[in-house]
Amino acid sequence: MNRWKLVVRPNHPLLQENVTLSRVLEWPVVVSPEGTAPRQHSDALVQSQGCKIPSGCIETLSASLSRQLTVEYDYVWFVPSGAVKDDLRHATLVALPVPGHGAGEPIGILTRVDATFSSGCQLMINAIRNQCRSER
9 MNRWKLVVRP
19 NHPLLQENVT
29 LSRVLEWPVV
39 VSPEGTAPRQ
49 HSDALVQSQG
59 CKIPSGCIET
69 LSASLSRQLT
79 VEYDYVWFVP
89 SGAVKDDLRH
99 ATLVALPVPG
109 HGAGEPIGIL
119 TRVDATFSSG
129 CQLMINAIRN
139 QCRSER
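With the sequence shown counted from 1, adding 8 to any position gets you our numbering.
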């Protein structure tokens with residue numbers, strides 16, 4: 009599972025206060041476009057706390073644009089943790105301590121559409137899926 013994060017630049021004013029999701033949404037936010045799986049996760053997180061994504065948000069699937077807006081300005085980026093792993097490790101971005109980040113976003117197993125799997129490969133894929141289901 010790819011955990012959901014709300015990230016900001018290291019000196020963002022939100023880091024100086026007790027952060028709530030409703031307070032976060034008073035700042036400009038970057039989210040994925042409506043109808044995408046990442047946006048559904050963002051909407052679910054926000055709705056779980058009785059809030060709503062602001063109508064003036066920036067909607068993009070571009071990680072580079074989202075990163076630039078977040079690093080250089082006061083934007084809050086709703087993003088799967090895997091997309092900002094290095095940014096968090098190098099403290100280019102900081103995760104806000106907002107409760108209720110949800111269970112995470114399933115990543116899945118990437119395979120070629122035209123691939124034929126050996127029985128060993130199929131057993132391994134099934135074992136991984138079963139393990140992931142048991143950890144939910």
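If you are wondering where the hints come from, they were derived from the structure by calculation, not from laboratory data. Hints may contain errors.
[Said to hold, decoys possible] Derived CB-CB ranges, DEER-like:
id : residue 1 : residue 2 : range
1  : T124      : G58       : 45 to 53 angstroms
2  : D94       : P36       : 37 to 45 angstroms
3  : N19       : L131      : 48 to 56 angstroms
4  : S142      : G58       : 25 to 33 angstroms
5  : K93       : R137      : 42 to 50 angstroms
6  : G90       : N19       : 38 to 46 angstroms
7  : G64       : T124      : 35 to 43 angstroms
8  : R137      : N19       : 26 to 34 angstroms
9  : G43       : S142      : 27 to 35 angstroms
10 : A91       : Q139      : 21 to 29 angstroms
11 : S72       : N19       : 16 to 24 angstroms
12 : D94       : E42       : 21 to 29 angstroms
13 : N134      : G43       : 25 to 33 angstroms
Nothing here was measured: the structure is a model prediction, and the numbers come from that model. Here a beta-carbon is modelled for each residue, glycine too, at the ideal position from N, C-alpha and C.
Hint check results:
1. Range check, T124 to G58: Cβ separation about 49 angstroms, and the 45 to 53 angstroms hint holds.
2. As the Cβ distance of D94 to P36 is approximately 23 angstroms, the hint placing it in 37 to 45 angstroms is violated.
3. One distance hint, 48 to 56 angstroms for the beta-carbon pair N19 and L131, holds here, with the actual separation near 50 angstroms.
4. One distance hint, 25 to 33 angstroms for the beta-carbon pair S142 and G58, holds here, with the actual separation near 32 angstroms.
5. Our hint of 42 to 50 angstroms for K93 and R137 is violated, since their Cβ atoms are close to 23 angstroms apart.
6. With their beta carbons about 24 angstroms apart, G90 and N19 fall outside the hinted range of 38 to 46 angstroms.
7. Hint check: G64 to T124, Cβ distance near 49 angstroms, so the stated range 35 to 43 angstroms is violated.
8. Judged by the Cβ atoms, the range 26 to 34 angstroms given for R137 and N19 is violated: they are separated by roughly 42 angstroms.
9. Separated by about 31 angstroms at the C-beta atoms, G43 and S142 satisfy the suggested range of 27 to 35 angstroms.
10. Evaluation of the 21 to 29 angstroms hint for A91 and Q139 yields a pass: the beta carbon distance comes to about 23 angstroms.
11. Taken as a hint, the range 16 to 24 angstroms holds for the pair S72 and N19, whose Cβ atoms sit roughly 21 angstroms apart.
12. Between D94 and E42 the beta carbons are some 28 angstroms apart, a value that agrees with the proposed interval 21 to 29 angstroms.
13. About 31 angstroms separates the C-beta atoms of N134 and G43, a value consistent with the hinted range of 25 to 33 angstroms.
The structure is inconsistent with the numbered hints 2, 5, 6, 7 and 8, although it conforms to all the rest.
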